[in-house]
Amino acid sequence: MSSSLDQRTAPAPEGSRPTPLPRRTRAYALPEVRWALAALGLFLLALPPYLLGGPAWLWGALFAGAYATGGWEPGREGLKALRERTLDVDLLMVVAALGAAAIGQVLDGALLIVIFATSGALEAVATARTADSVRGLLDLAPATATRLLADGAEETVDAGLLVVGDTVLVRPGERIGADGEVVGGASEVDQATITGEPLPVAKETGDEVFAGTVNGTGALRVRVGREPSDSVIARIVRMVEEASRTKAPTQLFIEKVEQRYSVSMVLATLAVFAVPLAFGDDLTSALLRAMTFMIVASPCAVVLSTMPPLLSAIANAGRHGVLAKSAVVMERLGQVDAVALDKTGTLTEGTPRLTDVRPLPGTGLDADALLRLAASAEHPSEHPLARAVVDAARERGLALAPADAFAATPGRGVTATVEGRRIELGSPARLLPDTHHARVHPHPDTRPAHPEAHHARVHPHPDTHAAHPEADHARVHPENDPAPLVRELEEAGSTAVAVLRDGEPVGVLGVADRLRPDAAATVAALTRLTGRAPVLLTGDNERAARRVAGRVGITDVRAGLLPEEKVAAVRAWEAEGRRVLVVGDGVNDAPALAAAHCGVAMGRAGSDLALETADAVVVRDELAAVPAVVALSRAAHRLVVQNLVIAGAFIAVLVAWDLFGTLPLPLGVAGHEGSTVLVGLNGLRLLRSAAWPRPARS
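Numbered per the working numbering, the sequence shown spans residues 63 to 760.
Hint data in this document are derived by calculation from the structure and do not stem from the laboratory.
No experiment lies behind these values; they were computed from the predicted model shown.
Keep in mind that a hint or two might mislead.
[As the list claims (entries may be wrong)] Restraint ranges, calculated between C-beta atoms of paired labels, are given here: (1) G615 x S291: 39 to 45 Å; (2) Y90 x D399: 37 to 43 Å; (3) G459 x D220: 47 to 53 Å; (4) L113 x R613: 57 to 63 Å; (5) F341 x G116: 43 to 49 Å; (6) R747 x L144: 34 to 40 Å; (7) A130 x F341: 39 to 45 Å; (8) R381 x A469: 49 to 55 Å; (9) L113 x D399: 46 to 52 Å; (10) T218 x R483: 43 to 49 Å; (11) S291 x A126: 51 to 57 Å; (12) A205 x R138: 38 to 44 Å; (13) A212 x S291: 57 to 63 Å.
Cβ atoms here follow ideal geometry from the backbone N, Cα and C, with glycine treated the same way.
Kindly produce the complete structure, drawing on both the sequences and the hints.
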């Protein structure tokens, strides 16, 4: 998987437009999928004549085709490993399937081949999807940028050709083409892909911006500060790829003893054949004893001790909205002993919602009247805060009035004429007088919880003051001072929005990213499961992060983190011997999801990269499902141990019987198959709905 940013497009002849690379690999384009489908098709065709007593030549040929199409690739990989003096599960499964066919268990062997081929195909699809998403991440950075020349002219250039020191023009609604510093203009930038902040952040001269983030309603001039190959978004690509490549190789529990067991079984079979023969036993008797030993000592029951419980757990989790991408993932989920949670979109819903409507006394407005005025003015706006206000008004069934002369000023707010009155909404720091602002924020600790409010500084910018000159002289009577309301809302973790009517403050609205109802119960459940409280890793500001953490019972908070800093935190814990589970939803979480022992993505609002990079996805977006699937994984592990004990007991008894007595071949086959069926049925217990742990409840 290449990490080069130059592979955004496929090579094209000079002078022609480049052809974009395909972003999504079709499953059928993968050879593993085609061979698995062929094996499955042949198996299904062979099943009716075999079960109905049809001609042996027909079902025999079809089963042989299933063996060949499904088993040749794992057999080849197994032979490669054998040349390197190792035995792996690929070769063992093929040998086990051929051995089953040799003793007449053709159906069992074919089924084993089909299951194994399907597992390999699913793994290949998951790998391809991850690669597709990493390549698709490059789409976040625009292919072209508008570069400003020294004489003021503009030229459109490939964003990859920008160099440090270039100045680019970013128009409203465009993606920013490079990391850099704003040198002119003002706007609000949605940088959730980088920092995870739920609301756009006000940007003006001197502020830093990132490639791939989305500009709002204002125009920005940005001086390029980093080469495109070193931008934050490019580093995210490289970190995901590096973490995917360097993540420790994963093995199922039984595969850890596979090598020694397999070698021992092969050597023991040869000894069982050669030793009696050397002491004068006849060839037929020695061969029969060795074949019986190979059958009863074969690892079929041992292998099936692991897969049915894990596959049953995967199916049960899927029914409850959690997609675990492989049996290895299901096993790893139960091994975690530390949890790191993202904030926005994970502990919170990720969507701003109106939390408070506070009309000022003496204005003649109640809560509904204030909300109706505000929503009518905000209705034409696409800002997330505006959508929150309008949605709240619609939920209350309020009829909105038409808004005339609508205008939006980046970093300040909106102005509109509603029913003949001039309505303004925006940051209290901008719309209310400086004297009011000083009272609202008497010291740094009372700054707004959200970055867009934090950056809402009053600057003598001519464009800003010209837009609403009378706003700076808004009259605030002592009995109608909105300062206490603003301070109260901001201290509660909301973004305060001042509402003015004809230049007079009439109320304050509070907007916040709402905490998930099951967040606190989930944190408590994860604490019980792992023995330590989860850690909060977020790119949001520290004050907002600590407020959310305090409400859910988290004490360890790491705020203001860029993606590489999240990865560094995860790797530091892994270096201490912890097995970390990371839960997140955004592009900025993807590197940490890839680097962790196990990564879980929230499905509803999760980015494509996070969904494909994560080991498991909470499809229904229920946070309480995370501790539930961890507990289910641990239940599956307990069943695996039970099955291994059962399989080991059967093997020990049958082997001893064969070595020290005379075990009839049919009885050996029956005992072997019986143990296989028994452990399989035991593993299927996790398919029951009752096996799903009750999710955490608030």
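Verification of the supplied hints:
{"no.": "1", "hint": "G615 x S291: 39 to 45 Å", "verdict": "holds (42 Å)"}
{"no.": "2", "hint": "Y90 x D399: 37 to 43 Å", "verdict": "holds (40 Å)"}
{"no.": "3", "hint": "G459 x D220: 47 to 53 Å", "verdict": "holds (51 Å)"}
{"no.": "4", "hint": "L113 x R613: 57 to 63 Å", "verdict": "holds (60 Å)"}
{"no.": "5", "hint": "F341 x G116: 43 to 49 Å", "verdict": "holds (47 Å)"}
{"no.": "6", "hint": "R747 x L144: 34 to 40 Å", "verdict": "holds (36 Å)"}
{"no.": "7", "hint": "A130 x F341: 39 to 45 Å", "verdict": "holds (40 Å)"}
{"no.": "8", "hint": "R381 x A469: 49 to 55 Å", "verdict": "holds (52 Å)"}
{"no.": "9", "hint": "L113 x D399: 46 to 52 Å", "verdict": "holds (48 Å)"}
{"no.": "10", "hint": "T218 x R483: 43 to 49 Å", "verdict": "holds (44 Å)"}
{"no.": "11", "hint": "S291 x A126: 51 to 57 Å", "verdict": "holds (53 Å)"}
{"no.": "12", "hint": "A205 x R138: 38 to 44 Å", "verdict": "holds (41 Å)"}
{"no.": "13", "hint": "A212 x S291: 57 to 63 Å", "verdict": "violated (25 Å)"}
Consistency with the previously given hints fails for number 13 only.
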